[in-house]
Each structure stands twice: as C-alpha cells, then as structure tokens.
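Model the full assembly from the supplied sequences, consistent with the hints where possible.
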Amino acid sequence: MDDTRLEGFIGNLLRAGVLLAASVVLVGGVFYLALHHADSATYRSFALESSNLRNLVGICKSAAHLNSLGIIQLGLVLLIATPVARVGLAAAGFFLERDRLYVLISLIVLAVLIFSLARGT
Amino acid sequence: MTALTFSLVVGAISALAGFLGALTGLGGGVVIVPVLTLALGVDLKYAIGASLVSVIATSSGAAAAYVKEGYSNIRIGMLLEIATTIGAVLGAYLAAFTSTHIIAIIFGLVLIQSAYQSLASSQSEADNLVSSDRLARLLRLGSNFPVRGTRQEYGVQHVPTGFGLMFGAGALSGLLGIGSGAVKVIAMDRAMKIPFKVSTTTSNFMIGVTAAASAGVYLSRGYIDPRVAMPVMLGVLAGAYLGTKVLVHAPVRTLRIVFGVVIAALAIEMIVNGITGKV
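Chains as they are written, first to last, in this note's numbering: chain A, 1 to 121; chain B, 1 to 279.
No lab work stands behind these hints, which were simulated from the structure alone. No residue lacks a Cβ here, since even glycine has one placed at the ideal position from N, Cα and C. Each hint can be trusted.
SDA-like cross-link-like pairs, simulated, lysine to any residue; straight-line CA separation at most 20 angstroms:
| id | chain 1 | residue 1 | chain 2 | residue 2 |
| --- | --- | --- | --- | --- |
| 1 | B | 68 | A | 91 |
| 2 | B | 245 | B | 16 |
| 3 | B | 45 | A | 42 |
| 4 | B | 68 | A | 92 |
| 5 | B | 68 | A | 97 |
| 6 | B | 68 | A | 4 |
| 7 | B | 278 | B | 44 |
| 8 | B | 68 | A | 84 |
| 9 | B | 68 | A | 88 |
| 10 | B | 45 | A | 51 |
| 11 | B | 45 | A | 52 |
| 12 | B | 245 | B | 150 |
| 13 | B | 245 | A | 15 |
| 14 | B | 45 | A | 43 |
| 15 | B | 278 | B | 97 |
| 16 | B | 68 | A | 85 |
| 17 | B | 68 | A | 20 |
| 18 | A | 61 | B | 220 |
| 19 | B | 68 | A | 19 |
Partner residues aside, some chain B positions facing chain A, computed with beta carbon under 7 angstroms:
| id | residue |
| --- | --- |
| 20 | 212 |
| 21 | 216 |
| 22 | 228 |
Structure below.
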C-alpha cells in the first residue's frame, strides 16, 4: 500500500457512496413527485416534521414502508455517512502503510466525528 | 409554486452552486442559502439544512475525482481535520452563549479583505512554490500535483499557523453554519504556501467531514427537509461533476478571480445576515 493506491481507494469509496446516496434520493424523489407534483410547495415557516424523518430508526422504518420522503431521507443519511466512512478507510489505509502517526491522526478525526454525531442524535 | 416547479428551480440553482463550490473549494452554501430564503421564501432553518447537504454533496462528489487525479492532499486534509472537527464541536457548543451576529459581521469584514487579496494576487499567473519546513517534512505533507501533463512537486510551511486557522474555520462553521471553506482555502493558500489548486481541492476534500460533524444535530432538529434537500443534493452533484472537469484545465489566475468574487458575495451575505440578526 502506498499513498497513490490509498488515493485510488478513497476516490472509489467517495464515488460509490455518492452514487448510492444519489440513486436512493432519486428513486425517492421520483416517487414523491409522481404523487405530489401538483402540491403547493411552501416552506415559509418552520414546522417540525414527524420524528420519523429525524432519527435513524424512524427513517429506516418509513423507507421500508416505501414512504417517498423516508426514502429520500435514507439517501441523505447515506450521503452524510460517506465522509465518515472515508475517514475510517483512511485510517485502515495508513495502517496498511504502517504509518502509525497518520493512523492516530485518522482515528482522532473519526472519534471526534462519532462523538459529535452521537451527541446530535 | 407547485412541488414540481420548486424541485426544478431549486435543482437548477443547486447545479450552479455545486459547480462554483467544486471550483473554489467553498461548498455551495454561498449560493443556496440566499436563493432559498430571499428568492423562494424558504425558512432559514430549512435553507441551512439544505446548505449542509449541499456542502457534503459537493465535497464527496468532487473529491472523488480530485483525490484520484492527485490534486487533494489526503495527509494535509486528515491532519487539519483534527482542528476543524474539534473546532466545529466547540463552535456548535459556544453558539448558545455567543452573539453570533457580531461574529458574522467581523467574519464578513475579514472576507472582504481576503477577496481583495485574492483578486489582487490573480495578476501573478503561477503558484509561488516553496520547499517544506522542518515540521512539514516530519509530517510528510509535501507532495506533487498535475500541472500540464507532468507532476509538480510542492512543499508546505507554517503548519502550526494553518492548524490554528483551521480550528477557527471549524469553530465558525459550528457557530454560523456556513463559511468554513473560505477560511480553509485561505489558510492553506496564504499561511501554508500550498499551491492554489491543491488548496481548493484539499479544502473541498475536508468540508464534507466538517459538515458531517454537525449533520446529526441538524437532522434531529428537523432542519433537513427531504422535499427541499432532494433537488439540492441532485442538482449540486451534477454541478460539482462539471466543476471537476473545468478545474483541471482552468488557469490558476481565473480560479483566483472566481474565488475572490464568490467570497466577496459571501462577505456581503455574512454582514447583511449579521445586521438583520439572521444568524
């Protein structure tokens, strides 16, 4: 493993994550517009959406019930997960390069990310 | 406006945001937030959620290409992400006790100065290449990037200053929601003497991680509305893809001008938001 190969892996992971997330959002979006294209779109005032779309379990459940907004939200969660997975992959790659300093650096970033995501949800 | 029209309009604007974001390393919030709030009357909370989605989409979408082509420097990115993520967590915590509108105004004024510098320095065509100082060599930050078919070696300097500025960039993104990309590019370009394309593409690589750090909070607060975020994400990805194709061939001079204009717009946005108390 060297830096060029690691860059290839990271690039592929980012591409795969983004394509997967975009496909899921696209499917949900097509579903949503097929059913609601003529609805009035006003987001003038903030109304707290149902908690089903605000936490991971609820999002997975509503996506499993083929709720279009649930599917979109699942795609967005996959998008958010992509950079986190990228940091994890970098840690693994630097480990294979036997580059201890950068394994440590990557793990610190991963820990802060997980701490902050866990605190938020 | 019907949901279909709204999706198409937002998708088109988001494509422009993704294009500019991928070219400048700033993410797309500069364009998305004012268009959604001012032109389409969307509540600021939804706009901030959409902006966060646009930053992650631009970052991951464009970085996939930039990393593979050898522009983004993953070591610089990972090292500085320690500072930005810790800064972001601290900023989000401090936001509850700080008058963010004053910070927004000060940040806006700083950006005006940076925009001026960027436009002034666009006169000189080439990057000012340096050799790495001791700490940068120890951290193996120097690398090479493609210039007209060959690989150009470059060095890195003043790592502690850059690290400190990145901490500030993270704190600002936690406090204000947007604007962290600008400080990242400026810190790498000005303080650390990294070539401009490496600075913008490495910033681009990093902003997704900084944004992901605050995504959990935004999601659970309900800021990320699927009906608004869907066209934003798809549009931004299309635009960012186009941006990566353009960056490769664009002269540094042009990129500095685009960067200067975009951060001047961001500066005005920050100052107006600060004065009207929107942040």
